[in-house]
Each structure stands twice: as structure tokens, then as C-alpha cells.
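Colleague: Spelled out from the first residue to the last, the chains are:
There are 2 protein chains.
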Amino acid sequence: MVTLAEVAQHAGVSASTVSYVLSGKRSISATTRQRVEQSIRLLGYHPNAGARALASSRSNIIALMVPLRTDMYVPVMMEIAIAVATTARTHGYDVLLLTGEEGPDAVRRVTGSGLADAMILMDVELDDERLPLLRGTDQPSVLIGLPAETTGLTCVDLDFRATGALCVEHLAMLGHRDIAVIGEAPAVYERHTGFAERTLDGLRSRARELGVRLLHRPCEGGYDAMAVTLARILDERPGTTGFVVQNESAVEPLLALLRQRGRAVPEDVSVVAVCPEQVAVQASVRLTSVAIPAQEMGRYAVEHLVAKLDGRGTDEVVLIAPELTVRASTGPAPSGRTS
Amino acid sequence: MVTLAEVAQHAGVSASTVSYVLSGKRSISATTRQRVEQSIRLLGYHPNAGARALASSRSNIIALMVPLRTDMYVPVMMEIAIAVATTARTHGYDVLLLTGEEGPDAVRRVTGSGLADAMILMDVELDDERLPLLRGTDQPSVLIGLPAETTGLTCVDLDFRATGALCVEHLAMLGHRDIAVIGEAPAVYERHTGFAERTLDGLRSRARELGVRLLHRPCEGGYDAMAVTLARILDERPGTTGFVVQNESAVEPLLALLRQRGRAVPEDVSVVAVCPEQVAVQASVRLTSVAIPAQEMGRYAVEHLVAKLDGRGTDEVVLIAPELTVRASTGPAPSGRTS
DNA sequence: ATAGTCTGTCGAAGCGCTTCGACAGACTTT
DNA sequence: AAAGTCTGTCGAAGCGCTTCGACAGACTAT
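Quick note, the sequences are listed as chains X and H, same order.
Just so we're aligned, residue 1 is where the first sequence starts under the numbering used here, counting upward by one.
Just so we're aligned, residue 1001 is where the second sequence starts under the numbering used here, counting upward by one.
A portion of the hints provided could be inaccurate.
Chain X residues, not near chain H, derived (Cβ > 10 Å throughout) [stated by the list, open to error]:
1. T32
2. R33
3. E149
4. R213
5. R237
6. T325
Stretch-level coverage of chain X by chain H, calculated; a stretch enters the list once three of its residues show a Cβ under 8 Å from a Cβ in chain H [stated by the list, open to error]:
7. 41 to 47
8. 61 to 69
9. 99 to 107
10. 113 to 124
11. 279 to 286
Keep in mind the hints are simulated off the structure, nothing from the lab.
Bear in mind the structure is a predicted one, so any value in this text is a computation, not a measurement.
We put the beta carbon where it would ideally sit given N, CA and C, even for glycine.
Assemble the whole structure, with the sequences as input and the hints as a guide.
Modeller: Here's what the structure looks like:
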């Protein structure tokens, strides 16, 4: 392993000079800099991460806590994770992957050990156990998702309330009067994951304002669960012509089931999904959807953290405005026959 | 930040004693150990990661390189990543998330800086640029996937050749004589990703042995691409009654399209998928499938690395035997009408 | 010319831990 | 009773880097 000292000797300067060349924290003459840089290249020098972390109390690592569950939103999680990793690298940071398994202890461990300089938390619950710890440390953090109480925290998320409103609006505008919402799995609501409840809020209040009827049913993903849920919905509200689907693993099953029942999309029934773009365009009917801006959230989270670590930036809550893209799964409500 | 020295002082022992209590590398009397452990708890001490890494030249971090592309096998990748992170924690390791973006440089950086003690590489190509670097370092590594040349490397993977053979066998046994293979996206083959080619090998050679006809067509995921691919296949081989699907994002579209053409699964047509269990059971028809043992691979990779880091363990290639689970998507070939 | 200001470089201290050799004391063995 | 062996603990060195204060030399303003 090549060390700083060896580079210094090779370049005929002192160790501190090499360090300053590397960090740019003091001015160095052009000739010296070049000599040092050449030595670094020649010797194939890489600064030792541990030593650097010890001396500077900066690890240049951002911790990313992903949910342990692989049952929901997998593509979104993955996309966020990759956006985080990629963005972090462009700022000279690496990413430590933590699973939710350790829970609050992970936060303690990371902040206590100086393993990471900052944290990004995904899958935040409304009243998350980790929040008091975050507030109690001076380590910067960003939540992807919105807890109940955000004071002293930085959060990014899609504005799910507006998303819900937007979906209802779109369907209402097309004349749909009876709308069913295929929600996330019951467990997601029990856990009080913010986004699910906020979407529902948005859906409900806009539905009330616009005078459309709304039926919300949680649904596990998969074909069988969707079949049961759909049967119940059509039983209870036979006149349903609009669907809002939040659980992406229910999308394709729903389309298949509707087809099976002879209900054409979008002629008889309209479907709006809240899902990543890719899912929307790859579905068997190109879906009118509100995209979940996974990449954008990941990138924002990292950039905010970097700013904070550089002494810039403040706590704030950023809600990304939803955008509804009209594709082939929504159309005017069939005239007359709505209940 | 609480330091070792403070713990030592609090417990009335020397710093080295505390260190030995922590590492267990020398025997410590029960009473001293207890006193130290109590002080650690009381003060909320966490060893500083950087200092530890510097002094011991061990970071207790395992690097995981995931593919940058989010276009293929997302659930599998995610499942592996989570299995890796979880398993690593049980052995006292953390996981650093690297994307393929940096390519070989990432390997250089990690080994050079001592950021991680070992690496796990996913999405290995047959002739991967990173392999020479891995061979040239003494840092342990495990590949998830199989390159062309494995000497000096440790690899885990599903035995895709056997998987291909198994799928053909199952269909042949049921009387299917004309089998179509829905492969991965063309780009995957162009990249020479090992698993795709090996599966194909297994399919072809077993098909030859059993005297069944095989038609292989690469296919991008999604409904539209699948529609085109299916049309071509049925055009060329109208008597096709068996399908093997490797691209999981083609599964649901295929089922929808077959239904649409009035071909019932499994009465008229049988479908075998190579995909994670979850996808198989959640599909609109419960799929006969060979599961991709994502968790098992992730766990194995970590455990092998830990063994190597502990001075045990050797280089070897482990191919996990495929298991075909019969579900509702395969049945006897329709009698008489096969071409 | 003198004092004052930059610029570029160096030396040394120290970050918090691990680990090696030393060694005191208790306990065997002859 | 002397020599040898363990066991448990300590002190000190050192891991490779950052950073602070010092300072020589060049330059500017008076």
C-alpha cells in the first residue's frame, strides 16, 4: 500500500504539502502541484480511508437505510438507492447500505461510530422510532417520506395529498362519479406509513369537494388478492367506472381481471395508477399515471446532505408536485349508465 | 463523542484492557470484563470506525457492486442486496453500495483505499473488465454470476445451464414438441452476460437430446415488445405449445396476450418461468417456475467472504442446483395438434 | 529602506484505536 | 525451594492522515 509519506518523498516535498494538494485547502504553486500529482499517478496512490476519517472526523460516507421488506415498492426503492449512490459519487461520497432490521440501533451505531457523515432514511412511518435520535444528533439527515411531525427535520417526498387530489380530479373531469381506490396492503396502513394515508386524504377530500363517490379498499399485491378485492368492490358499487391504483403489484392483475369481466379499458372503465413511469408504460394498457419521482428524490436527498455537510443548507420539507400523464387507460365515463 | 480512553478511565483500567474486552483477543477476568462492559453501557460508547480501521487495517465493510441498469431483474437484485446487508450485519460487517457506473475504477478505489475488506460483484459479464483487478489483489471477492474464466475466483450462481435443461425436460415430459423461449432483452446478450447464454445452452442441448424443437427469441420487457415477439413466434411456429420465459417483465404480458388469442394456460399452452418465487405466485396464473435463489446467493456470498477474511475458505465455484416447482401454468400438451 | 502583507512550504501534534512485548503475581511441577 | 508456566493487565508504539502554527522569501505600500 502506497502512503502519503511515500508520495511526499517521491515528489521531494513534505507530507503536509501532498495533503494540501489533495484537499486544496491551501494554495500550492503550480509546479509543486504538478510534481505531486505526477508522483501520485506514478505510484498509484489512494488515500487510506480509515486514516482520513480518523484525522478529519469525516468519513465521506452517507448511510442509506432501506426498508427490509421487499414486499412493496421494490422498483421505487431500487431506483432511489441507485440515484443516491450515483449522486453521492459525483460529490465524492460513498453509500453505506443499512436495512431497517436494526431499527433505531442502526442510527445510534452509525452516528456513534462516525461510520457515516449523514443519513438518508426511507420508508418513514408517521411516528417513526428513529426520529428522536435524529433530532438529538447533529448529524445531518434527510427523510424520504413524511412523518407526522417534521420540525427539526429535512424531508423530501412526492406530495401524495396532491397526488390523490389530482387522480380524483382527472377522473371526475372525465365524468366518472363512482371511483374505487385500490390501496396498499393492509399492513402498510397499520404501520402508518405516511404516504398511504396522505394519498387517501387527498383522494377523499377532493372527492368530497367534487361530489364524487369514493370507495377505498386496501389490497395485497398479486392476482388472487386483487380478484377478491375487485369482486367486493363491484359487488358494493356496481356502477364504479374509475379506479385509482396505488399498489403497483395490483396494476396488472386489475387490468387482467377487468378484461376478463368484459370491461374494456378505457371505454368502460378508467384506471389511474400511482407508480414509476416504467411500470406505467410497460403495462398491458399504457397507464395514465402520476409518476413517483424516485430518481429526483434520491438526488435531492444527497444534494441536500452535501450542502449541509458543507455548512450550507437548512432544514426544510420539500414536497414534489405530482404530474399526471394521460395515457391510454383513462377516458370519458360511459354515458348514462353511471349510478 | 465517548472514546476508549474515557471508558478505560471510568472503569479504572487501561485502554488496552478495554480494547481486549471488546475484541476478545486476550483473556480478561470476569470481574474486569463486567466493569468495563458496564462503563461502556453507561457512557454509551461506540468504537470509532475510522480509528479502528486505521489501527487494524480492517474496515469491517463489504463492498457490493450492483448494476447501474434498473432495466432488468430488479427484484432479484434488490433481494440479493438485502440478503447481503442482513447477513453481513450478523457477522459484524456493514455494506458499501457501489454502482457499476465507475466500472473497474471502483475496484481500484476500494482496494486501494482500504474502504472495504472484501467485494461482492453482481451482474458479471463473461469477460468482465474487473476480473483482472480482482485477481491482482489479495482482497477477497465473490462474484454473483459466472464469467468465462473462473480460475482464481470465487463465484456463486444458479446453475443456469441445468435450469435451461430442467425447463425443457419438464415441458418435453408433458408432451410438448415445439417450445419457444422468451429470452432477455437483446442488450443482455450483447453484453455477454453469462447467465443468459448459459441458460440458452442448457435449453438447446437438452432440447436436442430430447428431440424437441426450440425457438429462442430475445425480448425487451413490457407488453408491446412481448406482443411483437409472440406474433413472430406463432407466425414461424404455429404449433408452439410450450413457453419458457426468462425475462420476468415479459411474464405477465405473455399471459395476457395468450388469453387474448384464446389460448388457455395450461390447457392449450404451457408456460415455465425462470424468476423469483414471488413473481411466480403473484402472476395471474400461478406459474410453474424455477426460482432464482436470490437470498441464498447473497447469504452465501457474504458467508464465504467472512470465512476468507477469517483465514478459512478457498476459491471455488458454487452452482446452486435449480428446482422446478410445478404450479398451474403447465400441463400436458394438447393431443394430436402439435406440429 | 522599513514595516507590513502575502504565498507557499514545512514540522509536529494528534485523531482513537490495536497490538506487541513486558511483567507481576498465582499456580504448577520437580 | 527453585524453576517454570499461566493468566491478566499495562505501557507504548504506531496505523496514515489532517491541520495548525511557524516561517522564509517575495512582494507591496509607505
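Colleague: Verify this label for me: R33 of chain X is non-interface relative to chain H, using a Cβ-Cβ cutoff of 10 Å.
Modeller: holds (21 Å)
Colleague: Are all C-beta atoms of chain H more than 10 Å from that of T32 of chain X?
Modeller: Given that every Cβ of chain H is farther than 10 Å from that of T32 of chain X, nearest at about 23 Å, it holds.
Colleague: Is the nearest Cβ of chain H still more than 10 Å from the Cβ of R237 of chain X?
Modeller: Holds: least Cβ distance 23 Å, greater than 10 Å.
Colleague: Are there three or more residues in the region 99 to 107 of chain X whose C-beta lies closer than 8 Å to some C-beta of chain H?
Modeller: holds (count 3)
Colleague: Under a C-beta cut-off of less than 8 Å, do 3 or more residues of the region 41 to 47 of chain X approach chain H closely enough to confirm the stated coverage?
Modeller: Coverage by chain H holds here, the residue count being 4 at a Cβ distance below 8 Å.
Colleague: Mind verifying the non-interface call on T325 of chain X? Its CB should be farther than 10 Å from each CB in chain H.
Modeller: With a cut-off of 10 Å, T325 of chain X remains clear of chain H, as the shortest Cβ separation is near 16 Å.
Colleague: Is the nearest Cβ of chain H still more than 10 Å from the Cβ of R213 of chain X?
Modeller: holds (28 Å)
Colleague: Take the region 113 to 124 of chain X, compare each residue's beta carbon with every beta carbon of chain H, and decide whether three or more fall closer than 8 Å.
Modeller: holds (count 3)
Colleague: Checking a non-interface call: every C-beta of chain H should be farther than 10 Å from the C-beta of E149 of chain X. Is that right?
Modeller: The assertion about E149 of chain X holds, with a minimum of 25 Å to chain H.
Colleague: Examine the region 61 to 69 of chain X: at least three residues should have C-beta closer than 8 Å to a C-beta of chain H.
Modeller: Contact hint for the region 61 to 69 of chain X vs chain H: holds, 4 residues under 8 Å.
Colleague: Verify the coverage statement for the region 279 to 286 of chain X against chain H, using a C-beta to C-beta distance below 8 Å and requiring 3 or more qualifying residues.
Modeller: Satisfied; 5 residues make the cut.
Every hint, counting from the list given before, is met by this structure.
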